[in-house]
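Protein sequence lines, in the order shown, are assigned to chains B and P. Numbering-wise, the first sequence is residues 1 to 381 according to our numbering. Numbering-wise, the second sequence is residues 1 to 280 according to our numbering.
In case anyone wonders, no lab produced these hints; they're calculated from the structure. It cannot be assumed that every hint is accurate.
[Claimed, not checked] Distance condition first, Cα-Cα at most 25 Å in a straight line; then the derived PhoX-like pairs of lysine-lysine: (1) B:K23 - P:K18; (2) B:K275 - P:K262; (3) B:K268 - P:K20; (4) P:K272 - P:K93; (5) P:K63 - B:K46; (6) B:K46 - P:K40; (7) P:K18 - B:K286; (8) P:K234 - B:K46; (9) P:K209 - B:K24; (10) P:K233 - B:K275; (11) P:K18 - B:K268; (12) P:K93 - P:K262; (13) B:K23 - P:K40; (14) P:K18 - B:K24; (15) P:K262 - B:K268; (16) P:K40 - B:K24; (17) P:K63 - P:K274; (18) P:K258 - P:K247.
[To be verified] Covered, in the sense of this in silico footprint (three residues per stretch, anywhere, with C-beta under 8 Å from a C-beta of chain P), are these stretches of chain B: (19) 63 to 73; (20) 212 to 224; (21) 247 to 255.
[As the list claims (entries may be wrong)] Derived CB-CB ranges, DEER-like: (22) B:Q310 - P:E14: 31 to 37 Å; (23) P:A16 - B:E9: 21 to 27 Å; (24) P:Y248 - B:G341: 30 to 36 Å.
Every residue, glycine too, gets a C-beta built ideally from N, C-alpha and C.
In case you want the letters, here they are:
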Amino acid sequence: MPNPLYESEIHARLREQARRFAKKEIAPNAHAWEEAGIFPRDLLPKLAAAGIMGVGYPEAVGGGGGDLSHVLAVAEELVVHGESVGTVVGSGSHGIALPPIIRGGTPAQIDRFVRPVMAGQKISALAITEPSGGSDVASLQTRAVRDGDHYVIDGDKTFITSGTRADVVTVAVRTGGEGHGGISMIVVEKGTPGFTVGKKLEKMGWWASDTAELRFENCRVPAANLIGEENAGFLAIMMNFATERLMLAGNCVAIAELAHRKAIEYAKERAAFGKSLSGFQVVRHKLADMASKLAAARALTNEVVQRHTQGEQVASLAAMAKNVATDMVTEVCDQAVQIHGGYGYMREYVVERLYRDARLYPIGGGTREIMNEIISKFEGY
Amino acid sequence: MKILVPFKRVADPENANKVKVPVGANGLGPKIETTGMEFKPNPFDEYAVEAALRLTENGTAPKARLGEVTVVTVGGPEADQTLRGALATGADKAVRVEATDEQLDGAIIARALAKVVAQVGPDLVLLGKQTVDTDSAQTGPMLAELLGWPQVTFAVQITNEGNGSLLVTRNGDGGVQKVRVKLPAVVTVEDRVSYSGGVTSPPTPATHKYADGVRFAPLPAIMQAKKKPLEVKKLADLGVDTALSVKYLGFEPPPARKAGVKVKTVAELVDKLKNEAKAI
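Please model the entire structure based on the sequences and the hints provided.
Put into structure tokens, the structure is as follows:
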């Protein structure tokens with residue numbers, strides 16, 4: 001599974017740890033958590049104690065070091081061996097919420113907002129999307145008006161992963177004029193008067209991960225919570241997007257890996273017309289096509305991750321990797337359900353859940369169409 | 001305390017279905033085909049490492065080492081990865097005795113380990129009660145015999161009494177047994193030694209609660225493990241008798257499981273158990 005071109009012995013060791021953790025702490029409860037739509041909060045300190053939470057974050061901010069390639073390796077093991085995509089993405093919301101603070105925050109902000117999350121004591125979320133618009137970040141409407149030592153925030157955010165439980169929310173707000181030049185990032189803490197969690201949203205998949213609407217009404221936030229310079233938030237958001245898209249591409253590879261394994265297992269076990277399903281050429285070829293597409297998406301994702309960690313600007317490549325991976329996971333999960341026949345349509349089979357989980361990926365973190373727009377722009381069509 | 005933990009790289013029992021035995025003369029295969037199999041540390045040895053770490057630290061501040069744990073394996077270069085894994089978990093040093101599987105049996109390994117014990121000078125040898133590949137459970141007892149040290153097998157709980165002796169709870173056929181053993185000694189462990197209360201050691205306050213199971217190695221420890229000392233010795237240089245006393249004549253896979261039957265009544269079940277399976 002891991003490719004020695006892109007992964008070292010360190011990754012292999014790390015994968016072993018994550019695999020052991022997933023089998024011990026996630027797999028036994030995966031189905032129950034997903035069915036109940038509950039994220040197990042006490043998993044977070046366990047992830048922190050096992051050193052998994054901090055992977056990909058500098059040791060200087062309480063992390064464990066490593067880069068995006070380590071993050072993806074760990075996430076893949078957690079998905080493949082924990083068999084709960086919702087749990088993994090729910091415990092990974094800091095992957096998009098913290099980097100802007102780590103890159104642009106002061107030491108005091110890092111102590112207050114980053115370290116407790118790394119320790120598994122607090123939950124963080126990123127709030128950009130609004131009911132009136134998602135990918136069109138430059139048009140966001142949530143306003144933050146400076147008033148003495150505070151900003152007063154008014155507006156709504158939606159589709160916020162870990163939003164119902166978040167203690168620390170990294171929020172994109174408009175502090176200046178129209179367009180991308182008027183956007184800032186500010187941290188709002190749970191319990192701040194005027195900050196309320198609207199409702200837990202009912203989703204197609206990712207059930208073990210909560211998603212919420214957030215409301216800010218005359219919400220006074222200390223000016224000390226502003227991340228970096230005022231009106232300089234757009235760049236931070238764009239930089240975050242490339243990483244987020246590669247993480248999502250990595251998720252797709254992991255989900256497809258699991259779906260493919262489940263399909264192989266079922267095809268070998270299930271008998272029809274006197275032989276196993278895998279005894280039929282048509283089924284074997286389905287599996288071979290799934291494996292091939294998975295290998296291609298994995299290779300592209302690995303390549304772009306490596307180029308990203310080496311410092312290359314990969315906005316366009318990351319969008320390509322995401323689209324290739326989302327197309328792939330859509331098809332692999334569909335075929336995994338198909339191979340399972342009637343059982344694939346039943347909730348007790350993991351592939352049924354993966355099929356629903358997979359549908360998020362061509363939408364979340366920028367739609368498939370937005371990815372193509374990014375590619376078109378960068379390639380100069 | 002200085003502890004030596006013998007450690008073995010084994011085929012992952014979860015991939016047991018991948019084991020292939022090529023058919024040879026008389027239906028017996030000359031060897032087990034290991035290509036494509038995944039390998040991992042023998043789980044019982046991992047429990048031994050966990051217990052060894054707990055005996056050489058204060059559990060509330062595990063980064064400061066209060067003793068020394070050396071892991072040792074006998075095998076080829078591929079086993080270095082297994083040793084690095086143990087170093088990442090927290091062991092301080094590693095030794096590999098270079099040898100191939102064909103050169104080894106339990107007795108040779110015990111003789112090699114006895115030489116390593118003489119060189120490392122541990123107060124305690126802690127190892128898994130058995131390996132999950134060959135399940136012979138001989139290495140620990142043979143090593144104790146060669147060293148002339150007391151041994152306790154199948155330990156489920158170890159208490160360091162602090163005066164050169166350990167109080168060890170072991171699983172026996174008729175129940176549990178508590179054994180006080182003077183160091184130096186050989187102790188073989190079961191999985192329960194890695195549970196929360198598996199080890200009691202004075203520097204760790206009695207109020208400290210370990211998590212059940214072997215600790216996880218965080219990424220910084222994995223990276224640092226590359227820098228920890230790993231010494232390679234040649235089996236021939238240890239000056240041990242390398243004559244095999246166990247020879248494998250051939251291998252065959254276990255018979256495939258037969259299809260089950262469904263019974264309609266309890267009476268039919270009892271009848272089948274009695275007359276067909278002869279189980280009752």
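Results for each hint:
no. : hint                        : in the structure
1   : B:K23 - P:K18               : 20 Å, holds
2   : B:K275 - P:K262             : 21 Å, holds
3   : B:K268 - P:K20              : 18 Å, holds
4   : P:K272 - P:K93              : 57 Å, violated
5   : P:K63 - B:K46               : 18 Å, holds
6   : B:K46 - P:K40               : 23 Å, holds
7   : P:K18 - B:K286              : 23 Å, holds
8   : P:K234 - B:K46              : 41 Å, violated
9   : P:K209 - B:K24              : 18 Å, holds
10  : P:K233 - B:K275             : 53 Å, violated
11  : P:K18 - B:K268              : 14 Å, holds
12  : P:K93 - P:K262              : 56 Å, violated
13  : B:K23 - P:K40               : 15 Å, holds
14  : P:K18 - B:K24               : 23 Å, holds
15  : P:K262 - B:K268             : 23 Å, holds
16  : P:K40 - B:K24               : 16 Å, holds
17  : P:K63 - P:K274              : 59 Å, violated
18  : P:K258 - P:K247             : 31 Å, violated
19  : 63 to 73                    : holds (count 4)
20  : 212 to 224                  : violated (count 0)
21  : 247 to 255                  : violated (count 0)
22  : B:Q310 - P:E14: 31 to 37 Å  : 36 Å, holds
23  : P:A16 - B:E9: 21 to 27 Å    : 25 Å, holds
24  : P:Y248 - B:G341: 30 to 36 Å : 45 Å, violated
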